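Engineer: Based on the sequences and whatever the hints tell you, model everything.
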Amino acid sequence: MTTSTNGTATTAGARAHARAQHGRVVPTMRHVPATSAPSLPDDVPADAVTWAETVAFGRYTSLALARGTRLRLVDVAGDACVHLLLHRAGAPHERLNTADTVKVPWQAYLGTGHPLLSDAGRLLATVVADTSGRHDALSGTTTLAGNTERYGAGAAQSASPAGRELLLLGALKHGLGPRDVPPSVSFFKGVRVDDAGRLTPTGSAGPGAFVDLLLQVDALVVLANTAHPMDERARFTGTPVDVVAWRAPDDFAALAGDALVGELAPEHRRALENTQHDLTARSPR
Amino acid sequence: MTILSMPAPAPALVPGAIVLDEVVAARAPWSAVVAAGDVLTIVDLEGNQAVDCLLYAAADTTVRYSAAETIRRQRSIVLTTGSALRADTGEALMTVVADEVGVHDTIGGACSQESNTLRYGEHTRQQHACVENFLLEGARWGLGKRDLVPNINWFMNVPVDPDGALGIVDGLSAPGKRVALRADVDTLVLVSNCPQVNNPCNGFNPTPVRMVVTRPSAEAAR
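Sequence order for the protein chains is Z and D. Numbered according to the numbering used here, the first sequence spans residues 1 to 285. Numbered according to the numbering used here, the second sequence spans residues 1 to 222.
Note that these hints are calculated values from the structure, not bench results. Computed from a prediction, not measured in an experiment: that's the story for all the values here. The beta carbon of each residue, even a glycine, is placed where N, CA and C say it ideally should be. Any given hint might turn out to be false.
Claimed, not checked - Some chain D residues close to chain Z (C-beta under 10 Å, calculated; not the full set):
{"id": "1", "residue": "47"}
{"id": "2", "residue": "81"}
{"id": "3", "residue": "90"}
{"id": "4", "residue": "146"}
{"id": "5", "residue": "186"}
{"id": "6", "residue": "208"}
{"id": "7", "residue": "210"}
Structural biologist: So this is what it looks like as structure tokens:
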């Protein structure tokens, strides 16, 4: 093929070639501004949206979100698995703690009304909607060594990236490091524990399931969409996930008023009050 | 007949030369590097004393115990003989080589002053808690808050009901019961002898535990 006037042999040509790509829309991308997203769920107020992105299977994303933001993950095609970390913005040593998240509410399985807790006795977020019921706070994510053994590769740039590699990348982007990557939770692929303590994977709930989190603090959200660590299929298999976030002051007030997910359990209530106490103490007013 | 005042022989579950033999007072922290091949026996001296425990590769403390990886690889939330205690990388740091109880916890994590306020009420905030032990003992090795993750609880019993309800219930241990861990790599073992007084993990009464490290002879290890 000969070099055309659109060729990239010159700076002008290279610039024109690059700029000609602007405005392209692909199936998996972030929409900036978020309000430019081509479609949003019907119940999401379009003018309040702050994040709209479709994350490819095998990739990750991150964004710092404000207190009072409602974050929705949608398993559009039914085979996503979203591994998630939360760090408090500005104080990332305070982060999602999976042990306290199951111990304090006396409940191993995530679902509507479940608090996501730090080990500092504070509420980072609440699960405020869930049509899946297949989630996992126990078995973590996949590893480089595990995916290499399982699929032949596990590096972030490979065809079967491990969850820990992707979550680490997300953390590194924000100035954090390996010490800041604790066990994560995952959504849309569940596990159950039997009376002997043995784990069984439940798989997916099917296409269209979604889960909503309501943030109680300004938080860095890092999420990776990659295979569940107990996925039993021989091939690395999955589908994209839709991520939508919006400012939800009415929901925020309703949660505290026991009107969003019903009456908060006493541990959840105290965690919310501890967070409010911390923020009130920092505030000049 | 006179009562012997000699100390009892170190009750190691795996015989060998004694490398270390220490009693950890009730509510106290403890740590040591256990060399690869050596075996740490933890003795629940008075029974039902939760021993909160974190592990770090001594050569690189970013390689640390992961409850999730440990659970997932053995497909069970229960630790007992044969359980590999794994890092986030998947690497085995230590392996349970003998166990006189049969059930130890991976999911309950540590108590903290702050989480005690959620579980039991604000009036418990000033009680001593495991996170404080981990922080202070970890600081001796250059570790800090970022290095603390969900931990092992030796001698603690946390069943999960069919509906997902879980809780710390009465322990299955008894005075003198032991669990033994072989180091697969040189491992920094960080311990909080749990000070909790609001649930049955310590029988509502924290008590001492004994730590014995043995080095099996080449003969015995064969």
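Engineer: A separate judgement is required for each hint: does it hold in the structure or not?
Structural biologist: Here is what the structure says about each hint:
no. : hint : in the structure
1   : 47   : violated (22 Å)
2   : 81   : violated (14 Å)
3   : 90   : holds (4 Å)
4   : 146  : holds (4 Å)
5   : 186  : violated (19 Å)
6   : 208  : violated (25 Å)
7   : 210  : violated (26 Å)
When each numbered hint is compared with the structure, violations occur for hints 1, 2, 5, 6, 7.
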